[in-house]
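J.: Residue-level listing of the chains:
Protein chains: 2
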Amino acid sequence: MRLNEQQTRQFETEGWLFLPEAFSAEEVAVLRTEAEAIYREDRKEIWRETSGSPRTAFAAHTYNEGFRILGTHPRLIEPVEQLFGEHLYMHQFKINAKSAFDGAVWQWHQDYGTWARDDGMPEPKAMNIAVFLDEVMAINGPLMLVPRSHRHGTLAAEHDVSTTSYPLWTLDNETVKRLVDEGGIVTPIGAPGGVMMFHGNLVHGSAGNITPYPRKIVYLTLNAVANYIRTPTRPDWIAHRDFTPIEPVGDEALLHYARRFRQAAE
Amino acid sequence: MRLNEQQTRQFETEGWLFLPEAFSAEEVAVLRTEAEAIYREDRKEIWRETSGSPRTAFAAHTYNEGFRILGTHPRLIEPVEQLFGEHLYMHQFKINAKSAFDGAVWQWHQDYGTWARDDGMPEPKAMNIAVFLDEVMAINGPLMLVPRSHRHGTLAAEHDVSTTSYPLWTLDNETVKRLVDEGGIVTPIGAPGGVMMFHGNLVHGSAGNITPYPRKIVYLTLNAVANYIRTPTRPDWIAHRDFTPIEPVGDEALLHYARRFRQAAE
Chain C
1 MRLNEQQTRQ FETEGWLFLP EAFSAEEVAV LRTEAEAIYR EDRKEIWRET
51 SGSPRTAFAA HTYNEGFRIL GTHPRLIEPV EQLFGEHLYM HQFKINAKSA
101 FDGAVWQWHQ DYGTWARDDG MPEPKAMNIA VFLDEVMAIN GPLMLVPRSH
151 RHGTLAAEHD VSTTSYPLWT LDNETVKRLV DEGGIVTPIG APGGVMMFHG
201 NLVHGSAGNI TPYPRKIVYL TLNAVANYIR TPTRPDWIAH RDFTPIEPVG
251 DEALLHYARR FRQAAE
Chain P
1 MRLNEQQTRQ FETEGWLFLP EAFSAEEVAV LRTEAEAIYR EDRKEIWRET
51 SGSPRTAFAA HTYNEGFRIL GTHPRLIEPV EQLFGEHLYM HQFKINAKSA
101 FDGAVWQWHQ DYGTWARDDG MPEPKAMNIA VFLDEVMAIN GPLMLVPRSH
151 RHGTLAAEHD VSTTSYPLWT LDNETVKRLV DEGGIVTPIG APGGVMMFHG
201 NLVHGSAGNI TPYPRKIVYL TLNAVANYIR TPTRPDWIAH RDFTPIEPVG
251 DEALLHYARR FRQAAE
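Chains C and P, in that order, give the protein sequences.
Using this note's numbering, the first residue of the first sequence is number 1, and each one after it goes up by one.
Using this note's numbering, the first residue of the second sequence is number 1, and each one after it goes up by one.
Honestly, the hints are just simulated from the structure, not real lab data.
Please note that a few of the clues may not be correct.
If several chains are the same, the list does not tell them apart, and a pair holds so long as it fits within one copy or across any two.
What the hints assert, rightly or not - Calculated pairs, DMTMM-like style, for lysine to aspartate or glutamate (alpha carbon to alpha carbon, straight line, at most 25 angstroms):
hint, residue 1, residue 2
1, Lys177, Asp134
2, Lys177, Glu34
3, Lys44, Glu21
4, Lys177, Glu49
5, Lys177, Glu135
6, Lys177, Glu14
7, Lys177, Glu36
8, Lys44, Glu86
9, Lys44, Asp236
10, Lys44, Asp102
The structure displayed is predicted, hence computed values, not measured ones.
Given only the sequences and the hints, what does the whole structure look like? Please build it.
T.: The structure is reproduced here in structure tokens:
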């Protein structure tokens, strides 16, 4: 899958790109079912809120076949290869829950802030791609992006280890206000299967979710192979050390898997 | 101001009614300025989050002229008199902040649950009216209403004194899920000056606000005089004991006040 000129231009100037319905309902349904099963597992890769609700499941592409396929899917890999002009490896892979009723906040941050400080990633030549597993609505804690904020480079940040259960390099209110005054806030929403790409320096956050609607999103962090991390401090199931270039599977691979999965369940 | 038939019918069936731009930008600007000044005061009627940010200022109609006028404004009093067919007094008056960056959550609840249990109000013949002082957006913690939930009467609730700084009789997740499955969730949003009325038994809540946009709303709780509270347990600046029927001021009163206020400031 190739991005057209209007899409690449939007990514360059605005720092983000939303592709509604990049995956079909059938393709995404199997991943939603698998994600719910993974959250019920008891394993170190799954982080929980103090309430016990799941917050993030790391590295599911290493222990689940559906997510392995998603992590090598051409509809995700090829557009990023196109934008970077380089081969990619998987730096991080997580399924964020934003659970119904008590999905917690993610404070304003840049992802590259963490990749640089905690993992020793040389340049912001890595991209986060969000794949919606549930419908993302205005009311269930959608990702809020600050358009154009990626043009400000890597901003000063503080290591927040208290607000929520996941340590994060967060920005101060003054910086966020300044960037929002310039660029506003956008919240791409839509049906399961939507895909959002955003620059590693794009400022973003999300509020809590008190609705009965869960809002699961898979995040792939694809890093240029030459930009591999130099001084990792986090476990290898959070910041991967396998820098092998990803070989995309066929475009039909996830659909075929979904059908096999459904047949096996019947 | 009288509601038309379509409006009264919507209130009866859906439990809420939104009147965009009920107050002009000029009328509401003065109240916004006054609210910000009140939040800077140090007085017992102002409750704060643990961060120090204001959460609620009670009873401002008793110590501020602009809010005194708002509390007797015909655009608020007359529609509720029309719906109830009775004279009204002010049961509660508060300015909720939902501050920028750290405005906290309000869990799912019915207001009448608190008025009945804490104040000894005989019947749900009281109405909350929200007056938007700031723009209410999808992203800054708008009120979320569950349409038609008022038809279920007063639901079992638990006294939540831990989640946030304001004790509240909150509903359990199962009940909320059941009601939302039936009625969905609506979030009226819009410019400052918008007015929303909702039934005392309508289930509602709001998520936190991490945006740089504050979301101040004034809430009048108008109670039918004959439905005065019998066994109050809260201070009289939270649950008022003055049951005198409200005499509406002229429709121009707030506009005139805004102009006097601006002249005095110049």
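J.: At 25 angstroms max between alpha carbons, let me know whether Lys44 reaches Glu86 within a copy, between copies, both or neither.
T.: For Lys44 and Glu86, the Cα distance exceeds 25 angstroms both inside one copy (32 angstroms) and across copies (62 angstroms).
J.: My question is about Lys44 and Glu21: at a cut-off of 25 angstroms on alpha-carbon distance, are they close within one copy, between copies, both, or neither?
T.: Close neither inside one copy (32 angstroms) nor across copies (52 angstroms); limit 25 angstroms.
J.: Is the C-alpha distance from Lys177 to Glu14 at most 25 angstroms within one copy, between copies, in both cases, or in neither?
T.: Within one copy only: 17 angstroms inside, 37 angstroms across.
J.: Taking 25 angstroms as the upper bound on the Cα-Cα distance, should Lys177 and Glu36 be classified as within, between, both, or neither?
T.: between (36 angstroms within a copy, 18 angstroms between copies)
J.: Within a copy, between copies, both or neither: which one fits Lys177 and Glu34 at a CA-CA cutoff of 25 angstroms?
T.: The answer is between: 23 angstroms across copies meets 25 angstroms, while 39 angstroms in one copy does not.
J.: 25 angstroms Cα cut-off: does Lys177 pair with Glu135 within a copy, between copies, both or neither?
T.: Intra 28 angstroms, inter 16 angstroms, cutoff 25 angstroms: inter-copy only.
J.: Please work out whether the CA atoms of Lys44 and Asp102 approach to 25 angstroms or closer within one copy, between two copies, in both situations, or in neither?
T.: Classified as within; 21 angstroms inside a copy, 31 angstroms across copies.
J.: Between Lys177 and Glu49, at a C-alpha cutoff of 25 angstroms, which is it: within one copy, between copies, both, or neither?
T.: between (28 angstroms within a copy, 21 angstroms between copies)
J.: With identical chains treated as interchangeable, where does the CA-CA distance between Lys44 and Asp236 reach 25 angstroms or less: within a copy, between copies, both, or neither?
T.: within (12 angstroms within a copy, 52 angstroms between copies)
J.: Taking 25 angstroms as the upper bound on the Cα-Cα distance, should Lys177 and Asp134 be classified as within, between, both, or neither?
T.: between (30 angstroms within a copy, 16 angstroms between copies)
When the structure is compared with the earlier hints, violations turn up for hints 3, 8 and for no others.
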